[in-house]
Amino acid sequence: MDYAFDLFHERELVEKVTVRRKHIRELVFRLLAENKVDRPPVPVERIARSQTVLIRKQAVDDTVSGFLYRNISTDKKLIGVNKRQHPNRQRFTVAHELGHLLLHSVSDVHVDKAFSVKHRDERSSEGMDVEEMEANLFAAELLVPVHFLQDDLKRLGDLDLLHDEKIAQLAKLYRVSNQAMAVRLSHLGYLDI
Amino acid sequence: MPAGEKSDFLQVYRVVGERIRNERKRQNITQDELATEIGLTRTSITNVEKGRQKILLHTLVQIAAYLGTSPERLLSTDDANAEIQLPDNLSAPVRNWIMHSISSTNANSLKK
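So the sequences go chain by chain: A and B. Heads up: the first sequence at position 37 corresponds to 37 in the numbering used here, and the numbers run straight through without jumps. Heads up: the second sequence at position 42 corresponds to 42 in the numbering used here, and the numbers run straight through without jumps.
Simulated from the structure, these hints should not be mistaken for laboratory data. You can take every hint at face value.
Using 20 angstroms as the maximum straight-line C-alpha spacing, the simulated SDA-like pairs for lysine to any residue come out as follows: (1) K113(A) - S91(B); (2) K113(A) - L90(B); (3) K113(A) - Q85(B); (4) K57(A) - S91(B); (5) K83(A) - L90(B); (6) K57(A) - T105(B); (7) K172(A) - P43(A); (8) K83(A) - R95(B); (9) K113(A) - D88(B); (10) K76(A) - H100(B); (11) K77(A) - M99(B); (12) K77(A) - L86(B); (13) K22(A) - L188(A); (14) K113(A) - T63(A); (15) K50(B) - F9(B); (16) K76(A) - S103(B); (17) K76(A) - R73(B); (18) K76(A) - T105(B).
Chain A extracted, bound-state conformation (with noise of 0.2 angstroms):
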């Protein structure tokens, strides 16, 4: 039941959305700047709250990791967290829903499954794809902006040494899974996995 899983499935189709890679980023550094936000761990449900969505955490069973609701006529907002999942994948939820919210059209509600892999293979439809990518994207680079981290590699010494207490250590203070942060490292180029 981790997040990583989702990253994972990112770098497999970082292709199709390059066009769209430098609109996340921007809108990521937007939503810092207008929050004040210039050290991590990035506060996801302040951040959620200033574009006026509403949280709502439950427990339910680990079928769902949250959900996403738009009511377009009057445009209230809200994501749902389950609560049961550990405090670092609720935050990944919180982000990949807010992804959704301010960079597709939901007008109604979209369900997150807790195996977002099986469900994508369930699709017929590759937008959809595309969609739960950018989602993640946009999460990645909220909950680890790569300017935060770069500060903190210069901190942390020896960028070849990053060995396993060193990510372990990153995810803590970035308040990720240890797994999250070793794909975002990766991802940005700082280590090989």
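Please build the complex by placing chain B on the supplied structure of chain A, with the hints as guidance.
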């Protein structure tokens, strides 16, 4: 009450009927099947769906239960709320959580 206003209220049968029809068709349930399940004739189902027959409260409850939805949702005057379609393969607790969160959100917005 002016006549026009009364007929406006009767619209509710047409709206509820349409929602029942949409939900039934979405799930590929036939009128025959629904009729058999709740003990009505197929013609009655047709008439309920067209709003020509005034649905009884307990029939609404039965139909909602068979379609896996709630009478509130079929009756809702908030169209955005009524039209919410969740994926089919969600567990009942998940479904309830989502529907309840959404309706409480929309209720709060009405109070304001």
